[in-house]
Amino acid sequence: MTTKRFYLGRRQAGGLALGALAAGALPSFANAADSSTFITAAGLPINLDPHQVYDVPMQGVMLNAYDNLYRYENDPPQIVPWLAASHTVSDDGLIWEFKLKPGIKFHDGSAMTAEDVVYSFRRVLALALAPAGAFLKILKPENVTAVDPLTVRFKLETAYAPFFAAIPGICIVNPRAIEPNVKGNDWGKSWLASNGAGSGAYRIVPAGYRPLEYLDMEIFEGHFMGWNDNPNPVKKIAFRPAKESSTRLLALLNGSVDCTDGNMPADQVDQIKASKIAVVQKDIVMKTFVIRMNNTKPPFDNINARKAFAHAFNYMGFINDILGGYATRDPYPMPENLWGIPKDAKGYDYDLKKAKEYVDKAVAEGAPMKRAFELHVQSENEQSVQGAQLFQSDLAQIGINLKVVGSIWSTLTTAAAKPDTTPDLWVHWVSTYFVDPENWVGQMYDSQFHGTWKASSYYKNPEVDALLRKARTSVKQEERDPLYQDAIRKIMADSPDIWIYNSMQLQGFNKRVQGRRFCTVGQGAEVRWITLSS
Amino acid sequence: MLRFVLRRCALVVPSLLGLLVITFLLIHAVPSDPAAAMAGDAATPEQIARLRVQYGLDQPMWRQFIVYLDKVAHFDFGESAFSRRPVALDIIQRLPATLELTFASLLLSIAIGVPLGVIAGLKHNDWPDYVLRIFSVTGIAVAAFWVAIMLQLLFAMNLEWLPLRGYLPATLPRPPKVTGFLLLDSVISGRWDALGEGLRHLVLPAVTLSLGGLATIVRFTRSGVIDTLQNDFVFYERAMGYRRRRLIWIYVLRNSVTATVTQIGLLFGGLIAGGVVVESIFDWPGIGSYTVQAILTGDKQVMLAVTLLVGAIYAGVNILVDVAHGLLDPRLMETR
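Chains as they are written, first to last, in this note's numbering: chain R, 1 to 534; chain Y, 1001 to 1336.
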């Protein structure tokens, strides 16, 4: 069979070439970076209601669209008056009164009063979701009352020192915006999940939101703090989350976003160093990295077995080689830059010889060290996988068989709700929800919190329980400090978990971003201080 | 024809029911508790237990399934445990973006793949065929995420011809919503700026997503053309002095693409499901990235609804493929 040579005619070739070039040659009508819009590639919370969600992505909404009675500012964090001008506390620590600043307006122009604060706290308690965690056991809704239009009173069931530290976690919402959208007794939960009802420096643009995809906010000129402290503020915030870290990096490098999230992988830092338009901000935060051991499962019910594991982790190898040095070794069960740390307590070092000795002791005591162990990691987080693999190779040298199991956060927290379903070991971080030892040792090692993911080592020591409970009831830091120090010494001696490092937040910024203020609570998500240079 | 279509539609219902049962069982086999995830990081066990009761998650699985089935029968796909919005609303908002990307990819695959397949068939065992074979094997083998990053580096970073990611620039207002399809809405509202930007943003994800399909279409069209060229009617028409271009592009092509059309149908469903990676890399706001998020957060209502949707699309496209077969070759319709 003969075939005639096929050729593309000029028309076809021209058509193909045009088609290929057309899209690229289309004029770009929009400049990705104008001088008044701050574009962030950081993630969005799962919904916009600050009384339903309380996590790191939520800080971008809480700190910009809402206000709180007090707020954490600066680095190291200080709790400063925000909507409240001042507060008083009774000697027994049960009655707290907050005086509001006058003249505060919500985004709809209505005035904020003490009744709105009462409504906000009652809503938090009624929804009973994450932001309520610190209050549910010590505050009844009827005990939050308005004394006068500018004074709110809280009567606690028992004295609870971290109460004040947790106050910045509650956003004050506008009941006049929410009430018309209430369905049944849902407190407007569905509506506020996609809308705003705050008084913050920026207001949520109603049509500018699609869950987890984008969120637009515009400046609120009537913010109670005024704008004298920043004459050239950002006019619009555009949240455009980048799901992949490689895309996030490229977007920063080509100038189409102003910042990344705060979890930049260490290997990307060097790539940004060479950039003319971007920089990396490195901030020490209060976010610890922990490997939990399930103290109820043999051999982890044996102290020598736990110490063997604690000595087998290559702490500095992990920090220097995998994290590129962008973390600080933290041998304590909470951030070393927080009060309550016993500086004389010695942490566990990487020493395979010691680890082997503890293995032998544990075996002599009948601990089943030869069984296969499972270490569960968050698969989507490369760092936790790499840390687990490093641990696996070191443990193999002392005859311990570790299997690394990939998982996701929701599966891990579900499993951690019961001792028999909690993995042998699992990896996670503990972020700052409020700046108080209660956020770490209080909730991790007091046995009353068993069943929560933070307390999933199921450690139980009656002496530690007593110390932590006593520390919780005093409102004076000088009384609480030695109690936490004692508790931490005992916890460290028992080695219930493996405490590895305190994080350094690595966040890429466009160089045009000026005036940013960082605070570990909120992780620098507050935009009102920022100016975009031309 | 109508009876044939109705019979195929009737078969879709049990297929989707089966899909729903399997998906429901698989999703519930994963030890993930949406109540724990919903309650948040700082929640107590009591808070989690309260949510479990509130959302019926404490009920036996069969009862949860019956409740779900009843809702689905009324087109109620439940509420996302996280966005707190009806899942149907979330999907309706995202589906147009996915369909735009899928159609664009499919169009590219067909527009380039069919002619290349014909050329490869005509030049069987000649150099264009070898080149296209290498190209098609590479197209199938290469990972979409790698291609995506390479295209981003070349066209968005080095040449700066095309945007890196997203649907529209952050600073450009969206056109008023009429159909939900950005390109259509831009045309309807006369927003040519949004149309231009929408097209520019579409190019890289569409090209990435089209590669696998393009390679498949080239291979199937090539095989079809080689087979058809052996038929007597080709020799006869050639002997009768038919113009070669007309013979190849009408008669040979029509008889060669039956298998290709089947593949195009399968590809359509595959592109929707396979768009997950591409949508994530390019931050394309479709159901792919929505599904990834649902999996990571254990949002079971979303996972179920998306699976059902993809299943329904697959079923619908398969019916269309059968109809297309019948139109291309009426003998096939008689045998079914």
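Check the hints yourself; a few may be wrong.
Cross-link-like lysine-lysine pairs, in silico, DSS-like; alpha carbons within 27 Å at most [what the hints assert, rightly or not]: (1) R:K297 with R:K183; (2) R:K346 with R:K418; (3) Y:K1177 with R:K236; (4) Y:K1071 with R:K183; (5) Y:K1177 with R:K235; (6) R:K297 with R:K282; (7) R:K460 with R:K346; (8) R:K137 with R:K99; (9) R:K297 with R:K236; (10) R:K105 with R:K235; (11) Y:K1071 with R:K243; (12) R:K235 with R:K101.
What the hints contain is simulated information worked out from the structure, not anything from laboratory work.
Outcome of the hint check:
1. R:K297 with R:K183: Violated. K297 (chain R) to K183 (chain R) sits at ~46 Å, over the 27 Å cutoff.
2. R:K346 with R:K418: Violated - the C-alpha atoms of K418 (chain R) and K346 (chain R) are around 31 Å apart, more than 27 Å.
3. Y:K1177 with R:K236: Holds, at about 22 Å.
4. Y:K1071 with R:K183: Holds: K1071 (chain Y) and K183 (chain R) sit about 19 Å apart, inside 27 Å.
5. Y:K1177 with R:K235: 25 Å, holds
6. R:K297 with R:K282: The hint is violated at about 39 Å.
7. R:K460 with R:K346: Judged against 27 Å, a Cα distance of about 21 Å means the pair holds.
8. R:K137 with R:K99: 24 Å, holds
9. R:K297 with R:K236: 52 Å, violated
10. R:K105 with R:K235: OK: K105 (chain R) and K235 (chain R) at ~19 Å, within 27 Å.
11. Y:K1071 with R:K243: Answer violated: K1071 (chain Y) to K243 (chain R) is near 32 Å, above 27 Å.
12. R:K235 with R:K101: 25 Å, holds
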